[in-house]
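**Student:** Let's have the full structure, built from the sequences with the hints guiding it.
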Amino acid sequence: MKKRSIFALASLTVVTSMLLSACGNSSAPKNPETPGAEGEVETITFINHKTDWETNGKWDEYMAEFNKVHPNIKVEIQTITDYAGQMKTRMNTKEYGDLLMLPADISPQDYALFFEPLGQKEELSEKYMGLNDRSFEGVQYGIPTQLNATGMVVNMKVFQNAGINEFPKTPEEFVKALETIKEKNPDVIPLYTNYAAGWTLSNWDFVRTGVSGDPDVTTKMAQDEAPFEKGDTMHTIYDVLFQVAEKGLIEADPTTSDWEQSKVDMANGKIGVMVLGSWAVPQVQAIVPENADDITFQTFPVTAADGKQYMGVGGDYNLAINVNSEHKEAARKLLDWLIDESAYAVENGGLPALKGGEYPPALKASQDAGVILLEENPAPAGKESLFSDVNNEAELGVGSTDLEKQRIIDAAVGNSNEKFEDIMNEYNTRWADAVKKFSSN
Amino acid sequence: MKKYRISKKTEKRILIFLFTFIPVSLLVLFSYYPLVRMFQYSLTNWNGITPNPDFVGLENYKTVMTNPNYFTVFKTSLYYFIATFFQLGIALLFATLLSFKVKFKNLWKGVLFFPYLLNGVAIGFIFLYFYKGGGTLDSVLSFLGLDHMIQLWLGDRSINNISLAFTSVWRYTGFNFLIFLGAIQSVSPEIYEAAQIDGASRWDEFKYIIVPSIKNIIFLNIILGISGSLSVFDIPYIMTGGSNGTMTFVIQTINTAFKYNKTGLASAMAVILLIIVVVVTLIQRYAVRERKEG
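Heads up: the protein sequence lines correspond to chains V and E, in order. Once you know that position 396 of the first sequence is 410 in our numbering, the rest is easy, because the numbers rise by one and skip nothing. Once you know that position 91 of the second sequence is 97 in our numbering, the rest is easy, because the numbers rise by one and skip nothing.
Read the hints as simulated data drawn from the structure, not as lab findings. For clarity, every value in this text was computed on a predicted model and none was experimentally measured. Glycine is no exception: its CB is placed at the ideal position from the N, C-alpha and C atoms. Hints should not be assumed to be uniformly reliable.
Capping the alpha-carbon separation at 30 Å, the derived lysine-lysine pairs in BS3-like fashion look like this [unchecked claim]:
#  : chain 1 : residue 1 : chain 2 : residue 2
1  : V       : K234      : E       : K265
2  : V       : K198      : V       : K284
3  : V       : K347      : V       : K64
4  : V       : K369      : V       : K88
5  : V       : K397      : V       : K378
6  : V       : K234      : V       : K369
7  : V       : K450      : E       : K68
8  : V       : K82       : V       : K347
9  : V       : K141      : V       : K171
10 : V       : K196      : V       : K72
11 : V       : K451      : V       : K397
12 : V       : K451      : E       : K68
13 : V       : K135      : V       : K369
14 : V       : K171      : V       : K198
15 : V       : K64       : V       : K135
16 : V       : K397      : E       : K265
17 : V       : K88       : V       : K342
18 : V       : K244      : V       : K433
19 : E       : K265      : V       : K433
20 : V       : K451      : V       : K72
21 : V       : K64       : E       : K68
22 : E       : K81       : V       : K433
23 : V       : K108      : E       : K265
24 : V       : K397      : E       : K68
25 : V       : K261      : V       : K171
26 : V       : K141      : V       : K369
27 : V       : K322      : V       : K72
28 : E       : K265      : V       : K450
29 : E       : K265      : V       : K451
30 : E       : K265      : V       : K244
Pairwise CB distance ranges, derived in the manner of DEER restraints [to be verified]:
#  : chain 1 : residue 1 : chain 2 : residue 2 : range
31 : V       : A383      : E       : Y39       : 55 to 63 Å
32 : V       : K433      : E       : F149      : 38 to 46 Å
33 : V       : D436      : E       : G188      : 30 to 38 Å
34 : E       : V286      : V       : D436      : 34 to 42 Å
35 : V       : G370      : E       : F80       : 52 to 60 Å
36 : V       : E79       : E       : T69       : 50 to 58 Å
37 : V       : G152      : E       : I88       : 58 to 66 Å
Not everything, but these chain V residues come out facing chain E in the computed CB check (under 8 Å) [stated by the list, open to error]:
#  : residue
38 : L138
39 : S139
40 : M143
**Tutor:** Written out as structure tokens, the structure is:
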């Protein structure tokens with residue numbers, strides 16, 4: 015009897031908690047009954063990283079537009095600041111929204127476990143660009159929201175004030191131009207590295223496509239046992255970084271640099287250059303609209319072996335549909351609308367994935383200058399994840415983390431005694447070990 | 007209404023069960039279960055996402071133990087370890103002062119303990135702006151006419167770990183202070199009276215009464231300082247992200263798991279750190295027992 019009372023109490027707790035959770039669940043299916051006439055309203059969740067659009071009301075505007083076409087789909091937007099980090103945890107459950115941005119870290123062979131196939135790649139590629147990143151064995155799992163060019167966001171006014179009217183085309187000219195800016199106007203920071211932000215320096219790695227002018231640069235690098243040798247693409251890029259830091263052409267205290275402030279300073283002509291993606295241009299322009307024309311986008315100042323200049327373009331986050339979703343069709347409608355109909359790509363400074371779409375003004379300038387936009391070729395079959403495997407194994411974080419780029423800057427400004435060539439040699443050794451490990455498997 | 011009759015003993019049992027049920031289940035759910043899982047992960051090559059990682063046995067442990075790069079970061083811990091002694095010194099000083107008759111005693115106690123109540127992230131940001139070029143510290147120095155002393159507090163590798171360790175001292179002094187104060191106040195006031203009658207000075211009281219009676223607590227605080235300095239995380243993570251020579255073992259673990267996608271290896275690193283901390287704690291236990299018996 016006495017024991018039973020404990021059981022009774024325990025079971026009562028269990029029952030109550032079940033009831034409570036049942037209440038929570040039952041509220042969801044009730045929704046469709048409310049509106050009546052036009053039919054059932056489906057509620058889908060769209061998780062993404064555009065926190066700024068949540069705050070400035072852009073998402074509300076977009077969803078209002080979307081509901082004009084599809085009044086029966088109600089979209090709940092969830093935005094996450096640390097998108098890549100949090101989604102990784104959430105994807106260990108089944109609850110990661112109906113439509114989402116495909117997180118960067120997922121390996122190609124795992125796509126089918128997490129995402130709904132969107133169609134055959136071959137068929138889709140007649141309509142869209144940038145499909146190489148998120149396909150596996152001919153099946154497409156994500157479509158990029160936009161394609162970004164990687165290069166330099168430049169305040170041309172700063173260059174003109176120093177008497178430079180044309181953006182440099184070689185590393186030597188570039189470094190010299192920054193020195194001239196520093197001489198003519200000591201208050202201006204010629205190049206701002208955004209060392210502390212933790213992701214910005216990765217853009218130095220992304221420019222490799224444009225610098226090499228080779229659409230297979232990444233695939234080749236994944237099999238090259240010495241990609242950091244003098245004359246190699248990565249060596250050239252890192253050498254520019256080292257030189258500008260060594261000559262004091264960057265911010266005085268990189269450790270406390272501030273990303274939000276850097277955009278403001280650039281808009282106000284206190285910063286000359288930042289290595290970023292084309293998506294950053296509208297963000298800088300929006301700060302001081304009067305100066306918007308000064309902010310341009312240029313390719314990394316290297317002329318490829320054939321005498322031409324290239325600028326790499328690649329997919330931004332890809333939209334993908336949760337394989338566990340119960341509203342796949344509705345999610346697909348939103349995906350198609352965002353990519354085919356909305357102005358998402360252009361408003362974010364990128365090229366639309368839809369072929370024949372409008373070019374953003376930021377890229378028109380460099381297109382006029384004869385820069386060729388170059389999209390990387392897909393990795394050959396069976397080697398889709400080779401680059402990321404080698405990169406993770408070597409812990410160099412090419413395009414994924416900033417620690418090694420920070421190390422180059424630390425060495426350049428004299429915080430450590432390392433020599434540039436020694437660092438490059440070490441990178442070569444680490445990279446070679448990783449390449450060997452994966453080629454033997 | 008029917009009355010239930012429960013014996014005192016059963017009632018006690020029910021109460022104990024009910025009161026401990028929630029904390030124990032929270033502890034199991036958020037400490038022991040993840041620990042078991044972490045140990046499982048450490049035996050695989052899991053990348054944090056794929057549902058079917060391979061079992062690799064002790065491979066991850068071998069990688070950590072054989073690569074000196076993973077252990078050199080413990081050098082950074084030395085700064086925090088040395089700072090621990092300053093921290094304990096300051097804490098002991100104030101605890102002693104406040105155990106004597108002082109005006110506004112509770113106010114001072116509150117002021118000293120306050121930093122410990124602040125969130126580590128908030129402290130990180132406060133001190134980030136404090137040390138920043140043209141920040142609070144620089145403004146104060148130039149106000150005092152000490153412009154020549156201004157440095158890149160976080161940017162210069164020769165001092166940035168000291169700046170960070172100072173932040174840590176500022177944060178944890180209050181905690182040590184409170185422990186010391188408690189220990190000092192547990193000394194019977196009659197002993198002080200007797201000493202005063204015998205003509206002992208304040209210094210004598212400190213040297214011959216306070217220090218001997220809180221010896222164990224001092225030792226405990228040192229041990230806490232050691233395990234704390236091994237697992238420093240939030241302050242350097244927020245303020246410098248481990249860049250420029252401020253890397254600590256825990257930041258490295260986080261990077262391994264979430265930036266290089268080697269969750270298996272990172273779990274092994276976490277297990278190794280756990281073992282080191284447990285060993286340090288056991289040494290402390292053993293040493294304290296020796297003292298008591300001796």
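**Student:** Each of the hints needs a verdict: does it hold here or not?
**Tutor:** Do the hints match the structure? See the list:
Restraint check: the Cα-Cα separation between K234/V and K265/E comes to about 23 Å, which is no more than 30 Å; the hinted pair holds. A threshold of 30 Å between alpha carbons decides the hint, and for K198/V with K284/V the separation of about 13 Å falls inside it, so the pair holds. Of the supplied pair hints, the one linking K347/V and K64/V holds, its CA atoms being roughly 20 Å apart against a limit of 30 Å. With a CA separation close to 29 Å, the supplied pair K369/V and K88/V stays within the 30 Å bound.
Under the criterion of a C-alpha separation no larger than 30 Å, the hint pairing K397/V with K378/V is inconsistent with the structure, at around 34 Å. Only pairs whose Cα atoms come within 30 Å are accepted, and K234/V paired with K369/V is accepted, the gap being roughly 27 Å. The suggested pairing of K450/V with K68/E holds, with an alpha-carbon distance near 19 Å, which does not exceed 30 Å. Between the alpha carbons of K82/V and K347/V the distance comes to roughly 13 Å, so the proposed pair stays at or under 30 Å and holds.
Simply put, K141/V and K171/V have alpha-carbon atoms about 39 Å apart, too far for the 30 Å limit, and the pair is violated. A threshold of 30 Å between alpha carbons decides the hint, and for K196/V with K72/V the separation of about 39 Å lies outside it, so the pair is violated. Between the alpha carbons of K451/V and K397/V the distance comes to roughly 14 Å, so the proposed pair stays at or under 30 Å and holds. Between K451/V and K68/E the CA atoms are separated by roughly 16 Å; this keeps the pair inside 30 Å, and the hint holds.
Of the pairs offered as hints, the one joining K135/V and K369/V holds, with about 15 Å between alpha carbons and a cut-off of 30 Å not exceeded. Among the hinted pairs, K171/V with K198/V is consistent with the structure: their alpha-carbon atoms are about 13 Å apart, no more than 30 Å. Straight-line distance between C-alpha atoms of K64/V and K135/V comes to about 27 Å, which keeps the hinted pair within the 30 Å bound. Simply put, K397/V and K265/E have alpha-carbon atoms about 21 Å apart, close enough for the 30 Å limit, and the pair holds.
Under the criterion of a C-alpha separation no larger than 30 Å, the hint pairing K88/V with K342/V is consistent with the structure, at around 13 Å. For the suggested pair K244/V and K433/V, the alpha carbons sit about 14 Å apart, so the restraint of at most 30 Å is met. Simply put, K265/E and K433/V have alpha-carbon atoms about 26 Å apart, close enough for the 30 Å limit, and the pair holds. For the proposed pair K451/V and K72/V, the alpha carbon gap of about 47 Å is over 30 Å, so the pair is violated.
At roughly 41 Å between alpha-carbon atoms, K64/V and K68/E are farther apart than 30 Å, so this suggested pair is violated. Between K81/E and K433/V the alpha-carbon distance is near 22 Å, which keeps this suggested pair within the 30 Å criterion. For the proposed pair K108/V and K265/E, the alpha carbon gap of about 23 Å is at most 30 Å, so the pair holds. Under the criterion of a C-alpha separation no larger than 30 Å, the hint pairing K397/V with K68/E is consistent with the structure, at around 28 Å.
Distance hint between K261/V and K171/V is fulfilled; the C-alpha atoms sit about 22 Å from each other, no more than 30 Å. Taking the CA atoms of K141/V and K369/V, the gap is near 6 Å; set against the 30 Å cutoff, the hint holds. A threshold of 30 Å between alpha carbons decides the hint, and for K322/V with K72/V the separation of about 39 Å lies outside it, so the pair is violated. For the hint linking K265/E to K450/V, the alpha-carbon distance of about 22 Å falls within 30 Å, and the restraint holds.
The suggested pairing of K265/E with K451/V holds, with an alpha-carbon distance near 20 Å, which does not exceed 30 Å. Proximity of K265/E to K244/V is assessed by CA-CA distance (about 28 Å); at most 30 Å being required, the pair is judged to hold. In this structure the hint that A383/V and Y39/E lie 55 to 63 Å apart at CB holds, the actual value being about 59 Å. Under the hint 38 to 46 Å, the C-beta atoms of K433/V and F149/E, about 41 Å apart, fit the expected range.
Against the hinted window of 30 to 38 Å, the Cβ-Cβ separation of D436/V and G188/E comes to about 53 Å, which falls outside the hint. Between V286/E and D436/V the CB atoms are about 36 Å apart, so this pair conforms to the stated range of 34 to 42 Å. In this structure the hint that G370/V and F80/E lie 52 to 60 Å apart at CB holds, the actual value being about 58 Å. For the hinted restraint 50 to 58 Å between E79/V and T69/E, the CB-CB distance of approximately 52 Å keeps it satisfied.
Separated by about 60 Å at the C-beta atoms, G152/V and I88/E satisfy the suggested range of 58 to 66 Å. The interface hint given for L138/V is broken, as the beta carbon of that residue sits about 25 Å from the closest beta carbon of chain E, more than 8 Å. The restraint placing S139/V at the interface with chain E is violated, with a minimum CB-CB distance near 27 Å, outside the 8 Å limit. About 27 Å separates the beta-carbon of M143/V from the nearest beta-carbon of chain E, more than 8 Å, and the hint is not met.
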